[in-house]
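Chains as they are written, first to last, in this note's numbering: chain A, 19 to 342; chain B, 19 to 342.
Honestly, I wouldn't trust all of these hints.
Remember, identical chains collapse to one label, so a pair may be satisfied in a single copy or spanning two.
[Claimed, not checked] Straight line, CA to CA, 30 angstroms or less: simulated DSSO-like cross-link-like pairs of lysine-lysine:
id, residue 1, residue 2
1, K186, K312
2, K310, K336
3, K312, K51
4, K101, K301
Just so you know, the hints here were simulated from the structure itself, not pulled from any lab data.
In this text the structure is predicted, and so the values were computed from the model without any measurement.
Protein chains: 2
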Amino acid sequence: MKPYVLGIDIGGTNTVFGIVDARGVVIASSSIKTLKHADVKDYIDELYENVMRLLEANDAVEKIHGIGIGAPNANYYTGMIEKLVNIPWPTPLPFAQMVSEKFGIPVAITNDANAAAIGEMTYGAARGMKNFIMITLGTGVGSGIVINGQLVYGHDGFAGELGHTIMKRNNGRLCGCGRTGCLEAYCSATGVARTAREFLEVRNEPSALRNIPVESITSKDVYDAAVNGDRLAAEIFEYTGNILGEAFADFTVFSSPEAIILFGGLAKSGDLLMRPLKESMEKNMMNMFKGKVKVLLSELKEADAAVLGASALGWEAKPLPGQA
Amino acid sequence: MKPYVLGIDIGGTNTVFGIVDARGVVIASSSIKTLKHADVKDYIDELYENVMRLLEANDAVEKIHGIGIGAPNANYYTGMIEKLVNIPWPTPLPFAQMVSEKFGIPVAITNDANAAAIGEMTYGAARGMKNFIMITLGTGVGSGIVINGQLVYGHDGFAGELGHTIMKRNNGRLCGCGRTGCLEAYCSATGVARTAREFLEVRNEPSALRNIPVESITSKDVYDAAVNGDRLAAEIFEYTGNILGEAFADFTVFSSPEAIILFGGLAKSGDLLMRPLKESMEKNMMNMFKGKVKVLLSELKEADAAVLGASALGWEAKPLPGQA
Chain A
19 MKPYVLGIDI GGTNTVFGIV DARGVVIASS SIKTLKHADV KDYIDELYEN
69 VMRLLEANDA VEKIHGIGIG APNANYYTGM IEKLVNIPWP TPLPFAQMVS
119 EKFGIPVAIT NDANAAAIGE MTYGAARGMK NFIMITLGTG VGSGIVINGQ
169 LVYGHDGFAG ELGHTIMKRN NGRLCGCGRT GCLEAYCSAT GVARTAREFL
219 EVRNEPSALR NIPVESITSK DVYDAAVNGD RLAAEIFEYT GNILGEAFAD
269 FTVFSSPEAI ILFGGLAKSG DLLMRPLKES MEKNMMNMFK GKVKVLLSEL
319 KEADAAVLGA SALGWEAKPL PGQA
Chain B
19 MKPYVLGIDI GGTNTVFGIV DARGVVIASS SIKTLKHADV KDYIDELYEN
69 VMRLLEANDA VEKIHGIGIG APNANYYTGM IEKLVNIPWP TPLPFAQMVS
119 EKFGIPVAIT NDANAAAIGE MTYGAARGMK NFIMITLGTG VGSGIVINGQ
169 LVYGHDGFAG ELGHTIMKRN NGRLCGCGRT GCLEAYCSAT GVARTAREFL
219 EVRNEPSALR NIPVESITSK DVYDAAVNGD RLAAEIFEYT GNILGEAFAD
269 FTVFSSPEAI ILFGGLAKSG DLLMRPLKES MEKNMMNMFK GKVKVLLSEL
319 KEADAAVLGA SALGWEAKPL PGQA
């Protein structure tokens, strides 16, 4: 078996790619701008040139077992990218097939949260676990679910949209998905900023956050204020952690995971988020599951995580019909 | 391979058992009273005698490949019955091992809702499906979840408690599990009766249900009234179906099932329940899943279903160490 895989993470701004060995060491990595080319064929050509340069520089041209790709709304079953929001390529796009034909190497693709879960299971905090849930707390709330040691793709390839579990059935916030009350509308980085704006409007306490123009407040501002002892900012994290805990207790009656693993910017908020989250999870937990479910932080280095997660999928990539 | 399995379903009143062939035909069945013996050893002795009589009468003594048991709070991983509510045997009880030692045949055990899911996958509406959710609407709301063709037992063997998903976060009804707002408190047969009492108290419309002493109203009374054109009774089904639909939409973002399959007394309410349920499910569904998830009724005959479901587990039962 060839000793390396190639991981490619396609973000709205950058496409990061790296050569990874079987132990999860990123041998070398590089990136290109995702949006430079309006035509996806030109993008794949540039990706190919840059990847080949990296492979040549690392004596790895004939050593890639497979390519794993993490991309928004990518379907593992079909290899298609179904929808793109900030990237102008036409969808649905048979991306896995296009990349595999260009490189002559087997390709597997999935969405970024699933890639993170596979990365965590292969190289990170979920090593040895057969049942866990990965929650990514970034601009949105993503999830990758592992049951019986396998990623859950569901009937159509789109399972694991836990950020769109309804947490507020009445008077909930509008979510990017068009519905109201989704977990993501409260517990993503943007959700935290919305909570800040809401709290500042309906409450009267003094807060350092009142010195920031209300529309430009970010979750980072809330974090900084809370770390500096701002009570209102700390309560915003309480509110966020409380909802996450309620959601995690519901996820547990579904799949009874060994752990729920957090990844992404907000996950680095330390006890500001973790204490209320764990308290709320245990308080809301069905008795038979109390004290059983760990809440852990990702063990993947953030700079490497996206590439590592995508790369792990490369080990299970299958050749196209007719491909060597 | 031996041609038959034995299915045993342990209910609070009766223990039903039957000989089943590979195509799901119940060759013969019988039952004993579950509560006759305070000592579980005496119960197993009586079960053994009655099963042997059935096997002898059907020339099946040496033809049983395995025994599958459906029992409340049974753990597939450990073979234990963890908790019993209306049965006086001490728990945790190593039930699979006790039965296997008595019969000298491999035994597998799981809870009744999981057994129903396995039965449906092996012989019923879920044949050929790799991703579906079984929901049993009886005294409680049970569930068995199948993902990638496998029952979901979770880290500890207790996954699939979807009846205890929180549907009302504020002012929810007290549930048997000790928390408030669970799906089961609204959408079980007893939940429907509670809704009836609530509606009759807070509303003024005339209803045939007002002729029944309020504490003795059952879901069957509500069904009968609705079938006879009672508006209030029909609205009770609307209310029930609406909550089930909200829950099913949330289950879908988790595992994206091909179908959700209903079993149990309430499931036989026809369009009184199914119309509002399907409408609510589609209304609350995330766009990417709209129109994709079927809601089906169990295809197992009710008299056979419990034994069939349990029996299907018998095909995968493993011998105890040292057993032939």
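Results of checking the hints against the structure:
1. For the homomeric pair K186 and K312, the shortest alpha-carbon distances inside one copy (25 angstroms) and between copies (25 angstroms) are both at most 30 angstroms.
2. Taking the shortest Cα distances, K310 and K336 sit within 30 angstroms of each other only across copies (27 angstroms), while inside one copy they are farther apart (37 angstroms).
3. Taking the closest pair of Cα atoms, K312 and K51 never come within 30 angstroms of each other, the shortest separation being 38 angstroms inside a single copy and 42 angstroms across copies.
4. For the identical chains of this complex, K101 and K301 are inter-copy neighbours only, at 22 angstroms across copies versus 38 angstroms inside a copy, given an alpha-carbon limit of 30 angstroms.
The structure fails to meet hint 3 from the earlier list, while all remaining hints are met.
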